[in-house]
Amino acid sequence: MSFAPANAHGRVALVVLAVVAAAVWFLPAYYTGLLTLIGIYSLVTIGLNLFMGYAGQVSLGQAAFVGIGAYTSAVLAVDLHVTPWLGAVGGAAVAALVAYVLSFVALRLRENLLALATLALGIVINVVFNEWEFIGGSSGFKDIPGFTLGAFTFDPRAYAILSWALVAAGIWFAGNLVRSSFGRTLIAISAGELGAQALGVDPEKLKRQTFVLSAVYAGVAGAVYASYQSYIDPSSFSFLLSVNFVLMSVIGGLRSLWGAVIGAAIVVALGQVLQALVPLVLPSARGDFQQFFLGAVLIAILILLPRGLAGRLSEARRA
Amino acid sequence: MTVAVSATTLEVRGVSMRFGGVLAVDDVTFAARTGEVLGVMGPNGAGKTTLFNVISGVQRPTAGAVSLGPVPLTGHSVDRIASLGVTRTFQTPVMFWGLTVRESIAVALAAREFGGSYPPPPARALLVAGLGTQGRRRADAVLNERADALLASAGLAHMGDRATESLAFGEERLLELARALAVEPVVLLLDEPLSGLNPEEVEDVLTLVRAARTAGVAVLLVEHAVGELLSVADRVVVLDHGRKIAEGTPSAVAADPLVIDAYIGDELE
Ligand SMILES: Nc1ncnc2c1ncn2[C@@H]1O[C@H](COP(=O)(O)OP(=O)(O)OP(=O)(O)O)[C@@H](O)[C@H]1O
Ligand SMILES: [Mg+2]
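These protein sequence lines map, in sequence, to chains A and B. Last residue of the first sequence: 400 (my numbering), numbering continuous. Last residue of the second sequence: 1711 (my numbering), numbering continuous.
Because the hints were derived from the structure by calculation, they are not lab data. This structure is a prediction, so every number in the text was calculated from the model and none was measured. Here a beta-carbon is modelled for each residue, glycine too, at the ideal position from N, C-alpha and C. A portion of the hints provided could be inaccurate.
As the list claims (entries may be wrong) - Some chain B residues judged to face chain A by a derived CB distance under 8 Å, without partners named:
#, residue
1, Val1464
2, Leu1465
3, Asp1469
4, Ser1498
5, Ala1524
6, Ser1525
7, Ala1548
8, Ser1559
9, Pro1561
10, Val1584
11, Met1601
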């Protein structure tokens, strides 16, 4: 079997990966950390964009799949001494399985109801994280082993490179997918579901496969996150994080894979700026306020650029 | 097509469809044969679209059943029925915005490629597509070529690269028809395929309909343009207030006093 060596997405991703791999040797640790976070969130958002942008659905529960990936990998590593490499595979598999089962409930619903259902599922899964003592309950997991390569235990630089290598792989895979007959059929059902059905397309099956794939992206991201932070608790995967993934998707531009990366970068950067600025303006403000401002920025972007930043860019290129 | 011409293929038996107090389709029975154009006529609100909705699985009839040869269709989903060989167009064309004309056809061909139902198991569709295996890329290239060939045979060769968003209404109708033909249906349901078309486009559609008939497709044609309908149809079924009031050759139906009374009276004057 021979694979596509590199589609346009994959080639750009390799360049970006090379830039990241070079930059981490010069960047202060703080920025390397941000870069890692952006990479991890990008991975989740690329998967979410397949489901939201191409299949035309909505999920307000992606953080739950990130959490499932993180917890699975943490349990495997801490309790069973499984290497995080395999933990990431396990995390993706469990997230995929949960998404598969949930899809039989959620994907029967449309638009607003689907949004509500995924939101509810995300919250329920978070409650499970909180209540299940086997996985640490509300106090979470500590001392999660890091990734290793031979005798080398990953340092922050290596995590930045790892997360962006996964972004490159993820965007390559998604890039192949959206150009293929699979991706076109996704667009067809999002544009005219009944029309596609009349040709023999089973929308539910197609959405299910895409939903499960988005959970795989989230699960892998979660496993990397767990080892990178070495500590997780239920609050790391709350409903607000799910909202942020949707923000990243929409800000970047829904039917755009690089839009997912741009969106992740903007939301993370904006979060940092707000964290620094809000206390200066409103000394008594707490974290919730940042989310409030992030929401305000999203609404502004939606009004000014209904197709997201990537949509604006591609319009500019065409003009 | 190995089926003998004029064998019964689609059977509608005692179908009724009630919406609250409205009996939109009332105990309708008829059959369509392979390689014929069966006209379906009736005034506004007679139940023609509802009948198509029932046959194609969009709505489940309150009574009666539809079958394709020995295979029952009633109760199956629209995509399942399509994969069994019954496809349709819509009174308002459904376009796949975001795709080009060629890609729209390729979507239909891809569905056909996997036995008339898409997607196949993830390992055969999602994984190979995402990994960009050579086999998948080659298959997709072939789908594009076949889409171009199909467009050319429908006289739409010049449209391949156009975004579906940019099509005029008549072009949408033609694309929707070409897309439906791409899945090589056994039964094709066309809901007012001529409305909103200019005379040239009307001829294009009628040519495609005749070609489909020659290929052995059973074409069910709902149309308000009575002249065109009677000229292309081999037989005609007439509905009025949900009930079948006549069935026969175009000339017999056109001369039927019941039909003239109900519907075409003014137009034949
Ligand atoms: N989903 C529905 N709910 C309630 N009533 C409906 C529904 N669909 C159709 N009807 C009613 O059923 C009757 C038949 O409608 P239908 O659309 O099948 O007619 P038609 O023959 O296609 O008419 P036209 O020529 O105007 O397209 C009408 O009285 C219509 O109002
Ligand atoms: Mg109608």
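Cross-check of the supplied hints:
1. Val1464: violated, 22 Å
2. Leu1465: violated, 24 Å
3. Asp1469: The hint is violated - aspartate 1469 of chain B has no Cβ within 8 Å of chain A, the shortest such distance being about 26 Å.
4. Ser1498: Serine 1498 of chain B check passes; min Cβ-Cβ to chain A is 7 Å, inside 8 Å.
5. Ala1524: With a minimum Cβ separation of about 4 Å from chain A (threshold 8 Å), the hint on alanine 1524 of chain B holds.
6. Ser1525: Constraint on serine 1525 of chain B satisfied, holds at 4 Å.
7. Ala1548: At about 6 Å, which falls below the 8 Å cut-off, the nearest Cβ of chain A leaves the hint on alanine 1548 of chain B intact, so it holds.
8. Ser1559: Nearest chain A Cβ about 5 Å off; hint holds.
9. Pro1561: holds, 5 Å
10. Val1584: Violated: closest Cβ of chain A sits about 10 Å from valine 1584 of chain B, beyond 8 Å.
11. Met1601: violated, 17 Å
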